[in-house]
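**Q** Heads up: the sequence lines are chains G and Z, in that order. For the record, in the first sequence the residue sitting at position 84 is 466 according to my numbering, with numbers rising by one throughout. For the record, in the second sequence the residue sitting at position 157 is 306 according to my numbering, with numbers rising by one throughout.
Restricting the straight-line Cα-Cα distance to at most 30 Å, the calculated cross-link-like pairs of lysine-lysine (BS3-like) are:
| # | chain 1 | residue 1 | chain 2 | residue 2 |
| --- | --- | --- | --- | --- |
| 1 | Z | K423 | G | K430 |
| 2 | G | K794 | Z | K364 |
| 3 | G | K719 | Z | K423 |
| 4 | G | K719 | G | K764 |
| 5 | G | K764 | Z | K364 |
| 6 | G | K719 | Z | K364 |
| 7 | Z | K423 | Z | K364 |
Source of the hints: derived by calculation from the structure; they are not laboratory data. Everything numeric in this text was worked out from a predicted model, so none of it was measured.
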Amino acid sequence: MDARLTMSGVTKHFPGVRALDQVSLTIAAGEIHALLGENGAGKSTLAKIIAGVHPADAGSVALDGKVLGAIDERDAADLGIAIVHQEGSLVGQLSVAENVFAGHAPTRWPGRIDRAAINARTAELIGRLGVAIDPRRRVADLAPAEAQVVEIAKALSRDLRVLVLDEPTAALTLAEANRLFDIVRGLAAGGVAVIYVTHRLAEIFALCHRVTVLKDGQFVGTRDVAGTTTDRLIQMMVGRDVQIDRAAAHPPGAVVLQASGVASLPMVRDMSLTVRAGEIVCLAGLIGAGRTEFCETVFGARRRSAGTVLIGGTALDAREPGQAMRAGIGMVPEDRKQAGLFLDMSVQDNIGVTVAHDLARGLLASDARAAALALRFIAELKIATPSPRQVVGNLSGGNQQKVLIAKWLAMKPRLLIVDEPTRGVDVGARAEIYRLLRNLAADGVALLVVSSDLPEVLTLADRIVVMADGRLAGELAGDGASEADILRLATRATTSLDTRRLDRGAMKRGATA
Amino acid sequence: MTDTRISAPINPGLRLLQTLANSRELTLAVLVGALVVVMTVVYPQNFPTASNLRAVFLNLAPVGILVCGMMLLMIAGTFDLSCGSTLALAGVWAGVAIGWWGWDPVTGSLIGIAVGALCGLVNGLIVTAIGINALIATLGTMAIYRGLTYVTAGTGVTPISDPFANFGRLVDPVFGLAALFWIMLVIALVMGFLTSQTPWFRQYYFIGGNARAAKLSGIRVDRLTLIGFILMGMLAGIAGVLYAARLNSAVVNAGVGIELKVITATVLGGASLKGGEGRILGGILGVIFIALVENAMIINRVGVFWQGIVIGLVLLLAVSLDRFKGNQRA
Numbered sequence: 383m384d385a386r387l388t389m390s391g392v393t394k395h396f397p398g399v400r401a402l403d404q405v406s407l408t409i410a411a412g413e414i415h416a417l418l419g420e421n422g423a424g425k426s427t428l429a430k431i432i433a434g435v436h437p438a439d440a441g442s443v444a445l446d447g448k449v450l451g452a453i454d455e456r457d458a459a460d461l462g463i464a465i466v467h468q469e470g471s472l473v474g475q476l477s478v479a480e481n482v483f484a485g486h487a488p489t490r491w492p493g494r495i496d497r498a499a500i501n502a503r504t505a506e507l508i509g510r511l512g513v514a515i516d517p518r519r520r521v522a523d524l525a526p527a528e529a530q531v532v533e534i535a536k537a538l539s540r541d542l543r544v545l546v547l548d549e550p551t552a553a554l555t556l557a558e559a560n561r562l563f564d565i566v567r568g569l570a571a572g573g574v575a576v577i578y579v580t581h582r583l584a585e586i587f588a589l590c591h592r593v594t595v596l597k598d599g600q601f602v603g604t605r606d607v608a609g610t611t612t613d614r615l616i617q618m619m620v621g622r623d624v625q626i627d628r629a630a631a632h633p634p635g636a637v638v639l640q641a642s643g644v645a646s647l648p649m650v651r652d653m654s655l656t657v658r659a660g661e662i663v664c665l666a667g668l669i670g671a672g673r674t675e676f677c678e679t680v681f682g683a684r685r686r687s688a689g690t691v692l693i694g695g696t697a698l699d700a701r702e703p704g705q706a707m708r709a710g711i712g713m714v715p716e717d718r719k720q721a722g723l724f725l726d727m728s729v730q731d732n733i734g735v736t737v738a739h740d741l742a743r744g745l746l747a748s749d750a751r752a753a754a755l756a757l758r759f760i761a762e763l764k765i766a767t768p769s770p771r772q773v774v775g776n777l778s779g780g781n782q783q784k785v786l787i788a789k790w791l792a793m794k795p796r797l798l799i800v801d802e803p804t805r806g807v808d809v810g811a812r813a814e815i816y817r818l819l820r821n822l823a824a825d826g827v828a829l830l831v832v833s834s835d836l837p838e839v840l841t842l843a844d845r846i847v848v849m850a851d852g853r854l855a856g857e858l859a860g861d862g863a864s865e866a867d868i869l870r871l872a873t874r875a876t877t878s879l880d881t882r883r884l885d886r887g888a889m890k891r892g893a894t895a
Numbered sequence: 150m151t152d153t154r155i156s157a158p159i160n161p162g163l164r165l166l167q168t169l170a171n172s173r174e175l176t177l178a179v180l181v182g183a184l185v186v187v188m189t190v191v192y193p194q195n196f197p198t199a200s201n202l203r204a205v206f207l208n209l210a211p212v213g214i215l216v217c218g219m220m221l222l223m224i225a226g227t228f229d230l231s232c233g234s235t236l237a238l239a240g241v242w243a244g245v246a247i248g249w250w251g252w253d254p255v256t257g258s259l260i261g262i263a264v265g266a267l268c269g270l271v272n273g274l275i276v277t278a279i280g281i282n283a284l285i286a287t288l289g290t291m292a293i294y295r296g297l298t299y300v301t302a303g304t305g306v307t308p309i310s311d312p313f314a315n316f317g318r319l320v321d322p323v324f325g326l327a328a329l330f331w332i333m334l335v336i337a338l339v340m341g342f343l344t345s346q347t348p349w350f351r352q353y354y355f356i357g358g359n360a361r362a363a364k365l366s367g368i369r370v371d372r373l374t375l376i377g378f379i380l381m382g383m384l385a386g387i388a389g390v391l392y393a394a395r396l397n398s399a400v401v402n403a404g405v406g407i408e409l410k411v412i413t414a415t416v417l418g419g420a421s422l423k424g425g426e427g428r429i430l431g432g433i434l435g436v437i438f439i440a441l442v443e444n445a446m447i448i449n450r451v452g453v454f455w456q457g458i459v460i461g462l463v464l465l466l467a468v469s470l471d472r473f474k475g476n477q478r479a
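Taking the hints into account, I'd like the entire structure generated from these sequences.
**A** Take a look at the structure:
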């Protein structure tokens with residue numbers, strides 16, 4: 383095999399952080415090469431340097447033996463290097479074909495885009511991936527899996543040599559992920575070098591030839607996937623053995639949250655559940671089942687159209703989050719960047735926002751008290767930050783998540799709702815977050831955890847409540863439940879791709895309301 | 150260029166120097182100082198005279214009052230283009246109450262300020278309750294309030310009344326600076342104190358930083374935004390009444406184009422359109438800088454036609470600085 387991409391001594395600094403330190407890596411044509419590491423290990427930074435998003439501070443990148451100088455994203459695209467980001471790079475208002483040929487559409491005199499040509503070429507490219515999507519459809523109307531196919535077709539629209547996939551299966555179902563794997567295998571068979579960034583170890587074993595592990599910006603090692611195991615990879619990632627066990631069940635206390643018949647149309651139709659003090663209740667279900675929306679309704683961030691919510695036996699009619707917070711409810715939202723954190727503000731500001739008035743001396747804000755509070759949580763949750771004044775946007779994903787949780791612990795909640803506690807968080811930080819949630823429960827906090835990660839549900843839950851189509855689908859004891867039990871309940875209602883698409887539209891509308 | 154907030158611990162002396170170098174306020178203060186020195190050296194007869202400086206301070210006062218409100222709104226990630234029209238409408242209503250109806254100056258002034266607050270309330274309701282973005286909402290009310298000014302008083306109210314005019318002409322005995330300036334100074338000090346020291350006003354930074362996260366953190370985003378617009382309207386009302394008092398005349402085209410100067414000064418002072426940053430002190434320094442640039446143009450006998458060009462360039466320059474800072478962090 384000849385080396386398609388060779389990186390040597392690549393180093394990248396961000397203010398206060400060394401994101402990559404002397405990383406060297408060789409990827410052959412036709413190879414699927416996994417990049418593995420905790421959050422903040424430097425995977426995404428490496429991917430972005432390859433794709434010309436960031437320039438490297440030192441070191442070199444060579445494509446087919448030719449050293450690339452300072453390149454930008456356009457240069458990278460022209461060289462046949464494409465990156466498919468987690469967030470996606472498509473413009474929702476434009477058609478599939480316009481997106482695929484964004485920036486290099488063939489034109490007819492006098493400079494008009496040749497729509498017929500791009501539609502035909504797009505249909506052909508997408509067809510090569512074994513999928514059929516009408517090139518004239520608007521991207522905003524596509525399901526996540528279809529959008530991803532369009533991203534890859536966009537990469538294929540040029541002479542593709544290196545494809546970087548950053549957490550591509552995050553929004554996909556199992557079947558969709560398997561189809562994506564087939565596509566990726568096909569591309570590799572055609573000589574494309576594929577760099578596959580992921581957290582999911584199972585995918586590495588299913589798909590990749592070799593895997594490189596990064597830790598704290600440093601190269602740890604490259605292994606042949608065939609010659610390694612999950613445990614060994616985890617050990618390379620965290621530098622130690624990680625044990626995630628079920629905690630011994632402890633006797634729950636009084637009922638803290640009792641929701642009955644809660645509705646917030648169109649996503650939440652009729653939902654009831656109880657959470658007791660000291661208990662971890664996991665809310666499971668498919669994407670679009672209305673779990674997040676149910677939590678937002680309880681928290682007062684969404685209008686409730688029916689039902690009752692009792693907190694400690696007292697009716698709560700929260701019309702805004704402040705009211706729910708006064709009743710002792712905290713909510714760690716799913717999307718920490720959009721809905722959780724103030725990324726341009728300091729760790730201290732973020733942690734203190736829920737208790738700003740308590741931190742004041744009289745009418746005046748007290749910087750000393752806010753700093754003391756932040757330092758306490760930095761120590762307690764082991765948040766890796768040089769100081770409480772560090773801008774949160776510069777921290778790694780796992781540390782951002784800890785700041786977000788600290789922000790809610792600061793208000794000492796009776797009920798803490800945690801929506802996807804470990805999304806985009808690596809194995810090491812994940813174990814710490816589980817430990818943290820368990821300790822909270824042991825201290826008598828009632829925990830309602832929304833999670834789409836079934837092993838996580840089975841690890842954490844004292845009780846599992848399953849939601850489907852906005853309704854209560856069933857309840858399971860945490861001990862002894864299996865993934866199959868949960869899936870059986872979650873899929874009891876019919877969820878076709880079409881209704882899911884409708885639901886996504888409704889969620890977007892709900893979010894802007 | 151390193152942002153001090155995210156750099157590793159370094160020795161305190163260097164850190165102080167870095168803070169100063171990164172401070173928009175300090176940069177502006179140096180610019181203002183440099184401008185003063187240059188003008189004093191080049192035009193010793195015209196610039197450093199008591200009458201010229203008094204005129205500069207008098208002229209910048211209404212803009213300074215508006216900047217206090219605009220800075221608060223821009224911290225929250227929004228803005229108000231209708232402030233100049235609000236200023237005129239408030240001045241005209243004060244003029245009508247005092248000059249035509251014969252009410253006493255205090256009540257008449259309060260009427261003007263109340264009209265300003267009402268204009269702000271309407272702006273705020275359009276933005277928060279209806280959900281129209283601030284650009285379109287206040288562009289619309291800018292035209293409407295100006296129209297209401299013409300409808301109310303046609304060509305204006307001149308003269309208003311002697312006691313009212315006496316207040317407008319009031320100067321302090323020591324420096325001979327107009328009451329208008331001192332009122333601006335008090336407003337700026339109060340607003341500066343509130344926005345930097347009180348947790349209640351600090352909530353505006355969170356709204357500008359991430360409105361959705363602010364809402365989910367229990368901050369009443371809509372209510373605070375509404376209050377911000379009302380405060381902006383009240384300040385425009387105060388500026389309008391004082392402007393009318395100074396001229397003893399409620400002029401219907403008072404404050405035309407003033408929003409350009411106000412937003413320029415606010416952005417120059419460290420606010421950004423995406424919100425979450427800026428301080429009142431910066432805004433006031435921005436106002437002083439623009440006032441000095443205008444004064445320099447007048448002393449240089451640069452035609453008035455050039456003023457808009459220069460102010461526009463200053464605005465674009467300030468925004469470019471902002472872009473540069475944003476790039477540094479990415």
